[in-house]
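Here the protein sequences come in this chain order: A and B.
Residue 148 in numbering that gives the first Met the number 0 sits at position 149 of the first sequence, and the numbers go up by one each step.
Residue 57 in numbering that gives the first Met the number 0 sits at position 58 of the second sequence, and the numbers go up by one each step.
Honestly, I wouldn't trust all of these hints.
Said to hold, decoys possible - Below 27 Å or equal to it, Euclidean Cα-Cα: the simulated DSS-like pairs (lysine-lysine) are:
#	chain 1	residue 1	chain 2	residue 2
1	A	K91	A	K167
2	A	K169	B	K112
3	A	K193	B	K180
4	B	K180	B	K59
5	A	K92	B	K72
6	A	K167	A	K5
7	A	K169	B	K231
8	B	K79	A	K169
9	A	K169	B	K156
10	B	K222	A	K193
11	B	K180	B	K156
12	A	K167	B	K20
13	A	K92	B	K59
14	A	K193	B	K20
15	A	K169	B	K20
16	B	K112	B	K222
17	A	K92	B	K20
18	B	K20	B	K182
19	B	K20	A	K91
20	B	K65	B	K79
21	B	K112	B	K156
22	B	K59	B	K72
23	A	K193	B	K112
24	B	K222	B	K180
25	B	K59	B	K112
26	A	K167	B	K112
27	A	K193	B	K182
28	A	K132	A	K5
29	B	K79	B	K180
30	B	K231	A	K91
31	A	K167	B	K79
32	A	K132	A	K169
33	B	K20	B	K222
34	B	K72	A	K91
35	A	K291	A	K193
36	A	K92	A	K169
37	B	K180	A	K167
38	B	K231	B	K65
39	B	K59	A	K91
40	B	K59	B	K79
The set of hints was computed from the structure by calculation and includes no laboratory data.
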Amino acid sequence: MNDTLKLILQLMIPGLCLGCVYGLNGIGAALLYKGSHTINNAQGAVVGFGALLGYSLQNRGLGLISSTIIATIACFFVGVLLQVGVISQIEKKAPIYVVIATLALSIVITNANYLIVGSYTYDSAVILINVSKYLHIDSVNVDILWSNIVAIAVSFIAMVSVHFFLNKTKFGSAMRAAAMDPFAAESCGISVVKTRAVTWGIMSALGALGGCLTGPLFGVSAGIGIAAGAKGNTGAVLGGYGNMYGAIIGGMIIGIVETIFGYIYSPYQTAFTNALFLIFILLLPHGIMNEKAIEEG
Amino acid sequence: MGHMLELSDFHYYYGQIHAVKGISFYVDEGEIVTLIGANGAGKSTTLNSIAGLTRALGVKGRITYKGVDIAGKSGHNICKMGMMAVVEGRHVFPQLTVYENLRMGAYRRNDTKEVLKDIEEVFDFFPRLRERREQMGGTLSGGEQQMLAIGRALVNKPDLILLDEPSLGLAPIIVEDIFRKIKEINEVNGTTILLVEQNSNIALHTASRGYVLQNGEIVIEGKCEDLLNDPKVQHAYLGLT
């Protein structure tokens, strides 16, 4: 009994941690889809950029917390810039190319990352020094990485903050209104360009935060975010595409499933996740939260 | 100062399609002016362009509001100048409550205390909305949604309200109710109203002046009494022969 519990705990916590990072990326995907019916393929690249930024700030002597905060805020503005500078321009002229444009952005940003730092994976002690300690739970004799716990806690705080921002602030309500009906929002004096820019900002900031949080676990490399961005999207599908809360739950499911299958037979880890994705698309296209946004188009 | 709102030689293009072909009209302060015409005459396009809700690329010509040329400006900036559009099909925010919808109408205002008072005033004006206060906008009936859309515009204390087809899809008894309210807004608050309608009969009985739009051009204009007696208008828009 104790052994099973131990195993589950040891798999669940890292799985949940991974899931939280996917969830953070999924929130952005859900908000974006609801707001402008597009998909951002550049998310993973921004995650990588944020993680690298956080890492290089630490290398210059900043603490883990301050470098994470700076990287997150910087990526908020990267997101705003991408929307205002590229996406909204394309949206104005030829909206159907937005998705392709995000793909192009993804390639550009990822390769810029490679250009700057090369294709190494940095697992410098600088990152690990703060959070590489284990939390020992005596009753079941389990060791849990502190960085896992920190990542889960921080993600949770970030998710709750986004929830309150969207539901309790004036600008958050305006963002929801603009997502429901941009035409009417504009007629109420809400700048839809601005709400969309902030949506991109939030999406990129959450992604960068996730990147910084997983850095200590997997090491930092230029392409670190690609999988996280894609899985965030997958998680959003599981939860019901366009539903932020569904995206969080979906991301967690993917994180846990991936970790458990990774334990059972690791070469097919990703295959299992993608099988799950296919099952959901075929049998439960509205996802766990039964989100109808898909048909509103 | 000249007219409150004036369009001169206004054109609108949907790509290659020339939807509005150089119309000119004006609205003076305190008036109700109506723009009537059949489906596809260009009424909604004109109204949405005034409110900045169409693609700026398609707008040609001048639209002056309070002496400022607003042609091609974006909607949220025009809204700041004291003009509110109640667009066709009501467009309430379906997953916001009635109260939140009204709060969004006052998005541009920062005087929260006054806004709350004005929302209460809207509730006094449309008591049905008070009963539905915490209900989602999307669950309201058509008439209630129309009240909400008008109420949402009123909260911003506009000087000019653009109303697009307030009668659309509503039962005749509710249409009468809504139009009585529109007249009241004009008489009590002194708000200027530009009304776009397909229901020419009720529109001409509500407004003081009217323009008849046909295939993107103004064909007849004048006082509403005169339009009601004009045989061409009677024949084409009032169903009389």
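Need the status of pair K180 of chain B, K156 of chain B: alpha-carbon distance at most 27 Å?
16 Å, holds
Given the proposed pairing of K193 of chain A with K112 of chain B, does the C-alpha separation stay at or below 27 Å?
25 Å, holds
Take a quick look at whether K193 of chain A and K182 of chain B sit within 27 Å of each other, Cα to Cα.
36 Å, violated
For the pair we were handed, K222 of chain B and K193 of chain A, check the Cα-Cα distance against 27 Å.
Distance ~43 Å between K222 of chain B and K193 of chain A Cα, so the pair is violated.
Would the pair K167 of chain A and K79 of chain B pass a check requiring their Cα atoms to be no farther apart than 27 Å?
Holds: K167 of chain A and K79 of chain B sit about 23 Å apart, inside 27 Å.
K112 of chain B and K222 of chain B: Cα distance at most 27 Å?
Given that 27 Å is the threshold and the Cα spacing comes to 41 Å, the pair is violated.
With the threshold set at 27 Å, check whether the alpha-carbon distance from K20 of chain B to K182 of chain B stays at or below it.
With Cα atoms ~30 Å apart, K20 of chain B and K182 of chain B exceed 27 Å; violated.
Given the hinted pair K72 of chain B and K91 of chain A, is their alpha-carbon gap at most 27 Å?
15 Å, holds
Given the hinted pair K91 of chain A and K167 of chain A, is their alpha-carbon gap at most 27 Å?
It is violated: about 31 Å lies between the C-alpha atoms, which goes past 27 Å.
Are K79 of chain B and K180 of chain B close enough, with their CA atoms no more than 27 Å apart?
24 Å, holds
Measure nothing beyond the straight line between the CA atoms of K132 of chain A and K169 of chain A; if it is 27 Å or shorter, mark the hint as holding.
42 Å, violated
Does K92 of chain A pair with K72 of chain B here, judged by a C-alpha cut-off of 27 Å?
17 Å, holds
The structure is inconsistent with the numbered hints 1, 3, 4, 6, 7, 10, 12, 14, 15, 16, 18, 25, 27, 30, 32, 36, 37, 38, although it conforms to all the rest.
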